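Chemist: Listed below, chain by chain, are the residues.
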Amino acid sequence: MTDFALTTFSSKGKLLQIEYALNAVAKGDTAIGIKAKNGVVLVVEKKQSSILVEESSVQKVSLLTDNIAATYAGLGPDFRVLSQQARKLVKKYDLKYQEEIFVQTLSRELAEDVQVATQRGGIRPFGVSILIAGYDEEGPHLVQLDPSGAYYSWKATAIGKQAKNAKAFLEKRYNADMEIEDAINTALLTLKEGFEGQITPTNIEVGVIRDDHVFRILPPSQVKDYLEELE
Amino acid sequence: MSGIFEYNGGSIVGMKGKNCIAMACDRRFGQQMSTITTNYQKVFKIQDNILLALSGLNSDIHTFYALMEKEINLYNLKENRKMKPTTFANLVASALYERRFGPFFVTPIVAGLENGKPILATYDSIGCKSDLDDFQVGGTGGNYIYGACEAFFKPDLSPEELEEVIGQSLVSGCDRDSLSGWGGVVYVLTEQKLTVKILKTKQT
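Chains as they are written, first to last, in the numbering used here: chain F, 950 to 1180; chain Z, 1424 to 1627.
One or more hints might be untrue.
[What the hints assert, rightly or not] Beta-carbon label-pair distances, calculated as ranges:
| no. | chain 1 | residue 1 | chain 2 | residue 2 | range |
| --- | --- | --- | --- | --- | --- |
| 1 | Z | T1460 | F | V1030 | 51 to 57 Å |
| 2 | F | D1043 | Z | N1442 | 25 to 31 Å |
| 3 | F | G962 | Z | L1497 | 30 to 36 Å |
| 4 | Z | V1619 | F | G1025 | 41 to 47 Å |
| 5 | F | E1004 | Z | D1556 | 53 to 59 Å |
| 6 | Z | R1522 | F | A1125 | 34 to 40 Å |
| 7 | F | V1002 | Z | D1556 | 28 to 34 Å |
| 8 | F | V1002 | Z | S1553 | 51 to 57 Å |
| 9 | F | E1177 | Z | K1468 | 22 to 28 Å |
| 10 | F | Q1047 | Z | V1619 | 51 to 57 Å |
| 11 | F | E1004 | Z | K1501 | 36 to 42 Å |
| 12 | F | D1161 | Z | K1441 | 28 to 34 Å |
Keep in mind that the hints were calculated from the coordinates and are not lab data. Please read all numbers here as calculations on a predicted model, not as lab measurements. Glycine included, every Cβ here is placed at the ideal spot set by N, Cα and C.
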């Protein structure tokens, strides 16, 4: 436990540790989120390093509460820690107000934890960008949370390796009238575009929330159906 | 200290009407048998659509009110939206229980309108929320006011009728209780406005 800050300004006014954290994110497996009129979808690559890995034990889309979930690009363990912190924030809010937390509120509170890691002594920034998807009273939301603590609301976005190409693809495909089923197909198509190798129901993860406010991580059988529809 | 809740005296009452709510309180601030002032505020407008009434130790009435004001102001600024009455009702319960082993000596009543629907909640001093009744009382004259409420109250009263009923209930109750009275204030909240009326009680 050190007393001095590890993240300090360069002479050009940059916080290099955050830049480097963003580099780590840029090397991570691609994650895509699309917000439709009546729902949000998250799709993430789940490339395993070896065929010996037990695919079902890896969970890249984390449920934060019944109606909010998140995925990431970057360092898996950092995401695990932030997911747990987010879940605690949800519960803390719930205990105080006994009300469903808004996606924007959760994003803002989690962002504070992420920012603290760029300023407090002795700790490094988180090496993940997180995509938070949820459906609350205000409607569907998609929020990206970066290692700096900055957070942005998106209609559709991508993070990780294929972020740039995927976003270009999304810019052409996205339209505000999209329904959730279109969004799921578009998200899968976008992921498929830059996918190295064959896309299968077990090397990706898909999470969907519709206007029933319940987030569901699709089982491989359902993912298979959607993938087949793309053909 | 025979009865910390009886030291300052005072009574409050809340009622639900048809798309409206009413809150009333007496105006006495006493120290046991002595009356110090006859214009002490016990009902507070927390938000355009939420009223908070407090009875008990006046010092805690003020402190707890200030705490709730702070909470709702910060909430409005942080969340960039108004707080729902049911949310505020839960917040009061949490805030009271937070002081479980050194409680605020108050018994609050929260009343509000959520999308036009009347909300009424009452608590003990450590945050046990009860929101099942159409009228609730608090304070040293509470039981006397209950009697009057049971006699006068009807469901779905109009704002004018509700003002009459709650006013009469408060006055009847306070006139019997030696530690409450010296005037009454009635607040009636509808979607459109909040009316405040000052009543005369037995001047003793």
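Chemist: Decide, hint by hint, whether the structure agrees.
Modeler: Here is how each hint holds up against the structure:
1. Take Z:T1460 and F:V1030: their Cβ atoms lie about 56 Å apart, and the range 51 to 57 Å holds.
2. For F:D1043 paired with Z:N1442, a C-beta distance near 30 Å keeps the hint of 25 to 31 Å intact.
3. Between F:G962 and Z:L1497 the C-beta distance comes to about 32 Å, which sits within the given range of 30 to 36 Å.
4. A hinted range of 41 to 47 Å for the beta carbons of Z:V1619 and F:G1025 is inconsistent with their spacing of about 59 Å.
5. Range check, F:E1004 to Z:D1556: about 56 Å between beta-carbon atoms, so the 53 to 59 Å window is met.
6. Distance hint check for Z:R1522 and F:A1125: the Cβ-Cβ separation is about 49 Å, which falls outside the suggested range of 34 to 40 Å.
7. The hinted range of 28 to 34 Å is not satisfied by F:V1002 and Z:D1556, whose Cβ atoms lie roughly 59 Å apart.
8. Checked against the hint of 51 to 57 Å, the pair F:V1002 and Z:S1553 passes, with Cβ atoms roughly 54 Å apart.
9. F:E1177 and Z:K1468 have their C-beta atoms about 60 Å apart, which leaves the hinted 22 to 28 Å range violated.
10. Take F:Q1047 and Z:V1619: their Cβ atoms lie about 30 Å apart, and the range 51 to 57 Å is violated.
11. For the pair F:E1004 and Z:K1501, the supplied restraint of 36 to 42 Å holds, since their beta-carbon distance comes to about 41 Å.
12. Separation of F:D1161 from Z:K1441 is about 33 Å and conforms to the stated range, judged on CB atoms against 28 to 34 Å.
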